[in-house]
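*Asks:* One point on numbering: in my numbering, the residue at position 116 of the sequence shown is 130, and numbering is uninterrupted.
If you are wondering where the hints come from, they were derived from the structure by calculation, not from laboratory data.
Since we're looking at a predicted model, the values are computed, not measured.
The C-beta atom is built at its ideal place from N, Cα and C for all residues, glycine as well.
Treat the hints with caution; some may be incorrect.
Label pairs and their calculated CB-CB ranges [stated by the list, open to error]:
#1 LYS29 to ASP186: 19 to 29 angstroms
#2 TYR57 to PRO159: 27 to 37 angstroms
#3 GLN86 to ASN117: 35 to 45 angstroms
#4 ARG116 to THR138: 15 to 25 angstroms
#5 THR198 to ALA39: 28 to 38 angstroms
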Amino acid sequence: MPIKADSWIRHMAEKHGLIDPFEPAQVREVEGRRVISYGTSSYGYDLRCAPEFKVFTNVYSAVVDPKAFDPQSFVDINAEVCIIPPNSFALARTVEYFRIPRNILTICLGKSTYARCGIIVNVTPLEPEWEGHVTLEFSNTTPLPAKIYANEGVAQVLFLESDQPCEVSYRDRGGKYQGQRGVTLPRA
Numbered sequence: 015m016p017i018k019a020d021s022w023i024r025h026m027a028e029k030h031g032l033i034d035p036f037e038p039a040q041v042r043e044v045e046g047r048r049v050i051s052y053g054t055s056s057y058g059y060d061l062r063c064a065p066e067f068k069v070f071t072n073v074y075s076a077v078v079d080p081k082a083f084d085p086q087s088f089v090d091i092n093a094e095v096c097i098i099p100p101n102s103f104a105l106a107r108t109v110e111y112f113r114i115p116r117n118i119l120t121i122c123l124g125k126s127t128y129a130r131c132g133i134i135v136n137v138t139p140l141e142p143e144w145e146g147h148v149t150l151e152f153s154n155t156t157p158l159p160a161k162i163y164a165n166e167g168v169a170q171v172l173f174l175e176s177d178q179p180c181e182v183s184y185r186d187r188g189g190k191y192q193g194q195r196g197v198t199l200p201r202a
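Just need the whole structure built from these sequences, with the hints factored in.
*Replies:* Encoded structure:
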């Protein structure tokens, strides 16, 4: 009999360190206040962003260049709430540290609570044997300032398991974002 998805995630997190820290249930309330849900869901895991943000600014009129990104293009904010200016974006990182097994690929999608407000969460797939804090990108597509809440759910990770390990993993390739901690800017 196949293992249920939520049981598989729980097993992988508790026995193999897939997600750390790991929340085995869906959390909707913390200390008596409602939060945007996080933790284990039916077929995935709702991750949180940490209170470390890099908000894009155009103060220095820098050119956005993925091969030579100017760190002065961001303002660092450490807070429980981040306000993203209209038509701008911010980077953050997950509270959770991920260790993806060799036979797993993940897809990360933004939560509908943010999408319905015009806030798009962009995350690339987490490849087999990648590990680290996930760097999240929040795009405010609206003409108004937008709020992001730290330590609450922002995106859902879906796990796709192969019946065999991949031939070449992210670790095998020496991926440039392997083991990242904190908010990580683009690397050439």
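*Asks:* Please go over all the hints and tell whether each is borne out by the structure.
*Replies:* Right, here's what the structure says about each hint:
| no. | hint | verdict |
| --- | --- | --- |
| 1 | LYS29 to ASP186: 19 to 29 angstroms | 23 angstroms, holds |
| 2 | TYR57 to PRO159: 27 to 37 angstroms | 34 angstroms, holds |
| 3 | GLN86 to ASN117: 35 to 45 angstroms | 41 angstroms, holds |
| 4 | ARG116 to THR138: 15 to 25 angstroms | 18 angstroms, holds |
| 5 | THR198 to ALA39: 28 to 38 angstroms | 29 angstroms, holds |
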